[in-house]
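Colleague: In order, the protein sequence lines correspond to chains A and B. According to the numbering used here, the first sequence holds residues 334 to 1059 in order. According to the numbering used here, the second sequence holds residues -9 to 249 in order.
Rather than coming from a laboratory, the hints here were simulated on the basis of the structure. Only a predicted model underlies this, so the values are computations on that prediction, with no experimental measurement involved. Careful, some of the hints might be misleading.
Said to hold, decoys possible - No more than 20 Å apart at the CA atoms, straight line, and that leaves these computed lysine to aspartate or glutamate pairs for EDC-like:
(1) B:K(-2) - B:E224
(2) A:K512 - B:E134
(3) B:K161 - A:E789
(4) A:K512 - B:E133
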Amino acid sequence: MQIPGYRIIRKISQGGMSTVYLAEQENLKRLVALKVMAPALNADPIFSERFQREAKIVSQLNHPNIVAIHDIGRHKTINYIAMDYLEQGSVANKIRQGMTAKECLSIVQQVALALDHAHTMGYIHRDIKPENILLRGDGTAILSDFGVARAVSSATKMTNAGTVLGTPSYMSPEQARGKELDGRSDIYSLGIVLFEMLTGSPPYEGEEAVAIAIQHLTAPVPKLPPKYAQLQPLLDLMSAKKPQDRLQTAREVADAIGEVLEKLNSDGSGAELRTRKTKLAKHRPRFPAWFPWLNRNRNSHNALNKLRITEIQLAFDDEALTKKSSTKLVAALFLLILIGSSATAYWYWQSYEKLPTPVIANATIAPGTLSDNQDGSAANSAGNSEQNQPTTIDPAAQLTRYNLTVTTTPENAQIRIMNIKEKYLPGMALPNGKYLIQAQATGYFQAESWVTISDEPKTVSIELPPAKLPGEVIQHTLADGSPGPELVVLGPGVFVMGSLRYSDSQPRHEEEMPRPFAIAKTETTFAQFDAYRRAVGLPSSSDQDWGRDQRPVINISWDDAQGYVQWLAANTGQPYRLPTEVEWEYAASNGGNQEYPWPGTAESGREQANCRKGCRSAYVTLFGGKTAPVASYGASPQGLYDLGGNVAEWVSSCYSRSYQVTPPSEAECERVIRGGSFLDPIEELNVFRRDHQPPEFLDRHIGFRVILALPRYSEGTYTPEPTPLD
Amino acid sequence: MPVSFAAKTDPGKVRTNNEDSYTVDVNLGLFMVADGMGGHDAGEVAAAMAIFQTHRYIAAGVSLTDSLSKTHQDILQAGGKNRHSMGSTGVALHHLGDQYEVGWVGDSRAYRYTFGTGQNLLERLTQDHSFVQTLIDQGSITEEEARVHPQRNVITQCLGNRSQEQVKVGKTAGIWRPNQWLLLCSDGLTGELDDQAISQILSSCNGSENAVELLVQAAIAKGGNDNITVIIVESPKQPSWIDSFRQKLLSLLPKLTPA
């Protein structure tokens, strides 16, 4: 290869995208590093153009810690850059030889200064790694390879799948997600380089590049060995997962390291970064997001509180808003309004707390209407509308307060009043109004109840139901003494819903169930459904002459199923309903761990279901199939029967053609049917498939099962297993 | 059973060369798309080799999965000899009677399109072996975020990838139903058109020839940043006469009802 003006001496290194040669610039007789783009990439006009453009920007950067570029050129089809030749090689070599903590910190500090300059010029490096930090003989660190990474990551498919990911070892979480990057991404990568310099190897390793990228997304900030423990806070501040939790500018990084080095030099005892932290915190109190530990003690269990803190931080993060404190408050409140009704309610409450006279929020929650629903049914409606209703107070009576005492079974329950700021104390004095009382006791479900104080002291007693833990069975008795459906408790939990198998089961996404629920072991039977029909005087539906009793009810519409669950709820006084699609898939997939209602592949379910093809079913013949009595086949790991096959099951959800498309209104929508039936081959009994029909549709292959809504567990009662990463 | 198909490849608007390759062998029941990668002409060579070798193995009676695995070894060896690294994706459809198999490596895709039953349905049969697909599966990003991810073209597996001794061939199988098409394509198509856009074109087209043409044109109109290849294979199963009669009636219906 020949490039006019240069005499190539030898190859220094070869990478996927470029080769670096040691060369002599002939007119100046100086040694340069000549970086030549892989000719294969020259064929790509996009790449070529970007390379030239970005290299020109780099030449505008003028900083002692950034590599100096002498020449950028193109000869025939060869793109090249001539730059400083640094004979000491890169930090990557240095790491192999071992480094002292001081050396590491000094290098990171210099690179931070280089980044500060680049960031100020509007330029993000995007590929901070040991190989790109070069060293001079005197220990000066030089940042190189600016901008090329940016060109690389865009429209080009790489030659080798093994190197496709650039350098995932140092990739920031936002980079892995493909988000817009800012300088904080470089700070993250530099933190990872610091870790590698100190310990000799990068924190996240894996056989496949993808696995490393995923660890950057999900694994906690790596822990330094004990001897470097005092540097852990610095690392935490550089390589936090969320950009807003990091030091915000490279200058801040350099300053922080400066102080650590100062301490190291003065007392040699190893730098008390903690002092530094508090100093910083005092110095810049308006950037709370920089100092995550400041937020830690503020983390309350109240979700609203959390929301409030984050939103206010958001407002504070914006430089422009920090100028005047009044602007800050307005901006924070404005954001609060934006985040929805619960936040709006909070704002009302906030106003009430601050203003000398109480605010009557609006007509629908004025005192007169509130007194209507203070009995048992109020607890239900409160549960649905979430607890943050503002307290409203009759202005005339506001000065008088009355004592409130809450007694609980069990006695030791913890009481909170959810809609006022004050903590509950037995016999506390409160003005007239409506209060949402929440009681918690380990081993019990939470209980919530609205209490109205109206011109007299009030004593309420709340009974907490003993908690039923996941796996336990619940069975209620109907008014006539007959047993209700047997139900198994599942959740709370998080799982990944959906599959790429069907266009309407995409995208895969996370669903959270904050409360447990109990789902019927079997599909609703003719015996159960006919009891309802007799009770309300409905005509019976055909069983196709297959038999009634323990066979699943069929030929019923979604509306019929809805009628049954409402009757069951009224009859037992318990919140029975149809499962949502999310609950159904959570149950059938065993919390996102199975593709079928049984573990393993479709074939493993041979003995588990009544289906047309692939099942060992005695109810399906050459000439057609029919339903089997419920629980004729094996149970799922949680003890549930026939989730796949037998009859398909109505769920309460409205159908739309993907999880991202909003379904039409409740009144117009078709309802989802899950689980497949005796008409389907075994592959179709997977937990993802969604069928749908209008709510008045009925057929011989569709039935349903019921679920029972449960309250949240009290704190400490049940800890869900961590979600497995797949 | 006789089978109808349509196929087209186009370099797109940005690239001067075409590193996509495809084959259609009706007698063998093999249809395949390969998208090559590598410097100089290595991409074209790799794609051609992927097609040629896979075809050879299938013809010799080797299973689809094994054919693709062996092809991987062959490309590795060839690359090693020339000290070039080269690779190719591959998605292949092999069908026997009323059954078919689809095998793939990389981010070339197969779709199944079912129509004429009142509601047209496009299903993705393959899961990309790509960085962004891994992130989607893992729940870190959404399908929409993946479409604009800077590394959306980065794949985790390919035929001829040096860092892998074995490739993990993706595989799925099915039974032909009447009124079904299988569509094989390179990421030049799916990089420009999302599933909904593809589905819309398929439901408005006038036969498979026309569909292939419309898809390629649409991808070019959207930018044509990469080579585009599409094959559509029609189900060999004919709809029963009563079905086609019903369909004809249905298609006449809108014309009969006054607007």
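Colleague: Failing hints, ascending?
Modeller: 3
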